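Work out the full structure: start from the sequences and follow the hints.
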Amino acid sequence: MAMSFVGSFGRGQLRMGWKKLNRCGESVRLEKVLQKGMAFRWREIDEGRTWAGVVKDRVVILRQEQEDVEYWLEPGLEPLEETLADYFNVRVKCDSLMKTFAEKDENIARAIPLVRGTRVLRLDPVECLFSFICSSNNNVKRISSMVNFLASQYGRYVAEFDGHHFYTFPTIGELYGKATEQELRENGFGYRARYIVGAARALQERGGEKWLLQLRSEDRNQVSEKLVELPGIGKKVASCIALFSLDKYDEIPIDTHIWKMTVSKYMPSLKGKSLTNAVYDQIGDHYRTLFGDMAGWAQTVLFVTEFDDYHRGTSTSKKRKTGKRKAQKMEPGLKTEEEFIIREAIPAKEEDVCLSPMDSSESVEGKLESMLHLEENLTMSPSSLLSPSEDSLDAKPTKRQPTNRRSPRIQKTANDAG
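The sequence shown begins at 31 in the working numbering and counts up by one.
Calculated from the structure, these hints are not laboratory results. Warning: the hint list may mix true and false statements.
No more than 25 Å apart at the CA atoms, straight line, and that leaves these computed lysine to any residue pairs for SDA-like [what the hints assert, rightly or not]:
{"no.": "1", "residue 1": "K290", "residue 2": "D280"}
{"no.": "2", "residue 1": "K62", "residue 2": "R318"}
{"no.": "3", "residue 1": "K240", "residue 2": "E204"}
{"no.": "4", "residue 1": "K66", "residue 2": "D98"}
{"no.": "5", "residue 1": "K66", "residue 2": "E112"}
{"no.": "6", "residue 1": "K129", "residue 2": "D98"}
{"no.": "7", "residue 1": "K86", "residue 2": "R231"}
{"no.": "8", "residue 1": "K49", "residue 2": "L151"}
{"no.": "9", "residue 1": "K301", "residue 2": "L320"}
{"no.": "10", "residue 1": "K134", "residue 2": "D311"}
{"no.": "11", "residue 1": "K62", "residue 2": "D98"}
{"no.": "12", "residue 1": "K256", "residue 2": "Q244"}
{"no.": "13", "residue 1": "K50", "residue 2": "A82"}
{"no.": "14", "residue 1": "K66", "residue 2": "A132"}
{"no.": "15", "residue 1": "K290", "residue 2": "Q312"}
{"no.": "16", "residue 1": "K86", "residue 2": "R152"}
{"no.": "17", "residue 1": "K256", "residue 2": "A308"}
{"no.": "18", "residue 1": "K50", "residue 2": "E100"}
{"no.": "19", "residue 1": "K62", "residue 2": "E112"}
{"no.": "20", "residue 1": "K123", "residue 2": "E248"}
{"no.": "21", "residue 1": "K62", "residue 2": "D323"}
{"no.": "22", "residue 1": "K62", "residue 2": "V84"}
{"no.": "23", "residue 1": "K290", "residue 2": "P143"}
{"no.": "24", "residue 1": "K208", "residue 2": "Q234"}
{"no.": "25", "residue 1": "K123", "residue 2": "E133"}
{"no.": "26", "residue 1": "K62", "residue 2": "D192"}
{"no.": "27", "residue 1": "K50", "residue 2": "E61"}
{"no.": "28", "residue 1": "K62", "residue 2": "E136"}
{"no.": "29", "residue 1": "K86", "residue 2": "E204"}
{"no.": "30", "residue 1": "K123", "residue 2": "R246"}
It should be emphasised that the depicted structure is a prediction, and the values quoted were computed from it without experimental measurement.
Structure follows, in structure tokens:
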């Protein structure tokens, strides 16, 4: 596969080409971690074998080999082994961890062969936080479009690859100084716009990135309590942020799919109950008792299993809807495929009434808006960034264009400094 970047990368002494991460092996399978509702800005380039995204201030090209993950190293740039090892959380020995889980739970034992290579990413807390604010009442395709818009509109241009522009995710200061509720609403964010602007302001007042990063050293309960004080963050969103970016591996995000699976396979006594805060904590405690202080990794395996089963039509969530679809009357303006909605688990906070990110093809804004009595129409215009077309993942800005295409922001070697 030919690599083609637009930009002045300079000349260096490092040999370009594919470089092995060496330490990953089969513990990382890209298709099991890059599009499973954890990170939202990776672009599939080569039918799932090659992926492009931004980690820190670098465009990263990855490909899956049988025994390892490889990345493309451009001339003049430093190797990325340490950066990517941190991103993929390879210090956690996933294979031995999965073996321990399998000994404790038959559902995990059955799932592991099907989701081998699944692991919890260690994401940048700022991007993770705003991504999951965008996840409210949403699906993967639309979350990706929103997060890409934030990057292209308020972040910094890095480079062009495969015909697509790549940007850093904006800092808290950049969001606080540039993002407006009106502009976000005009670009399809709906009620989330006020949460994004409000969260940026609240984080800036607390100390910005430094405040977020220090949460990694606090315990799970303290982290959750502090996160839910921010606009747009309820318990489920806080759980995702804590697990995927703040090292809280005993945190258990509970969306509608995990809720239904829990009731079906682990806690049948909850059947007929609502997912209140107390029940949410009860479910988390159950998994922590079963799987220990790495219970969030076990939940991730169960989630990815449900994700894959859903798209094969075999998940608990999808099975329960079979046979009801013909009888359902679609609301005006909804397409026939827009039918996946939350029916059982509706927490009290508006920002926590979230679809699972696994619903990558259905848009249910109309039904959820009706359920929540939202004050505005969230219908997307034909030119919206949230178009269901394949190009929707590219999230081109409506106003700003890259200003430095010849000189991407990259880390150069000392030989290039002059």
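Hints, verified against the model:
1. The suggested pairing of K290 with D280 holds, with an alpha-carbon distance near 20 Å, which does not exceed 25 Å.
2. Proposed proximity of K62 and R318 is supported: the alpha carbons are some 23 Å apart, at most 25 Å.
3. The suggested pairing of K240 with E204 holds, with an alpha-carbon distance near 15 Å, which does not exceed 25 Å.
4. Only pairs whose Cα atoms come within 25 Å are accepted, and K66 paired with D98 is accepted, the gap being roughly 20 Å.
5. Among the hinted pairs, K66 with E112 is consistent with the structure: their alpha-carbon atoms are about 23 Å apart, no more than 25 Å.
6. Of the pairs offered as hints, the one joining K129 and D98 holds, with about 20 Å between alpha carbons and a cut-off of 25 Å not exceeded.
7. Distance restraint check for K86 and R231: the Cα-Cα separation of roughly 22 Å lies within the 25 Å cut-off, and the hinted pair is therefore satisfied.
8. Between the alpha carbons of K49 and L151 the distance comes to roughly 20 Å, so the proposed pair stays at or under 25 Å and holds.
9. About 20 Å separates the Cα atoms of K301 and L320, which keeps this hinted pair within 25 Å; it holds.
10. Using a Cα cut-off of 25 Å, the hinted pair K134 and D311 holds, with the two alpha carbons roughly 21 Å apart.
11. Between K62 and D98 the alpha-carbon distance is near 14 Å, which keeps this suggested pair within the 25 Å criterion.
12. For the hint pairing K256 with Q244, the CA-to-CA distance comes to about 12 Å; that is within 25 Å, so the pair holds.
13. Proximity of K50 to A82 is assessed by CA-CA distance (about 16 Å); at most 25 Å being required, the pair is judged to hold.
14. As the CA atoms of K66 and A132 are separated by approximately 21 Å, the hinted pair is consistent with the 25 Å bound.
15. A C-alpha spacing of about 15 Å is found between K290 and Q312, which places the hinted pair at or below 25 Å, so the restraint holds.
16. Taking the CA atoms of K86 and R152, the gap is near 12 Å; set against the 25 Å cutoff, the hint holds.
17. Restraint check: the Cα-Cα separation between K256 and A308 comes to about 18 Å, which is no more than 25 Å; the hinted pair holds.
18. With a C-alpha separation of about 4 Å, the suggested pairing of K50 with E100 holds against the 25 Å cut-off.
19. Among the hinted pairs, K62 with E112 is consistent with the structure: their alpha-carbon atoms are about 21 Å apart, no more than 25 Å.
20. Between K123 and E248 the alpha-carbon distance is near 23 Å, which keeps this suggested pair within the 25 Å criterion.
21. With a CA separation close to 22 Å, the supplied pair K62 and D323 stays within the 25 Å bound.
22. Annotation: proposed proximity of K62 to V84 holds, straight-line Cα distance about 18 Å (limit 25 Å).
23. The hinted pair formed by K290 and P143 meets the criterion: a straight-line CA distance of about 22 Å does not exceed 25 Å.
24. This hinted pair checks out: K208 and Q234 have alpha carbons roughly 13 Å apart, not beyond 25 Å.
25. Straight-line distance between C-alpha atoms of K123 and E133 comes to about 16 Å, which keeps the hinted pair within the 25 Å bound.
26. At roughly 23 Å between alpha-carbon atoms, K62 and D192 fall within 25 Å of each other, so this suggested pair holds.
27. With a C-alpha separation of about 17 Å, the suggested pairing of K50 with E61 holds against the 25 Å cut-off.
28. Pair hint K62 plus E136 holds up; C-alpha atoms about 21 Å apart against a cutoff of 25 Å.
29. Taking the CA atoms of K86 and E204, the gap is near 15 Å; set against the 25 Å cutoff, the hint holds.
30. Using a Cα cut-off of 25 Å, the hinted pair K123 and R246 holds, with the two alpha carbons roughly 20 Å apart.
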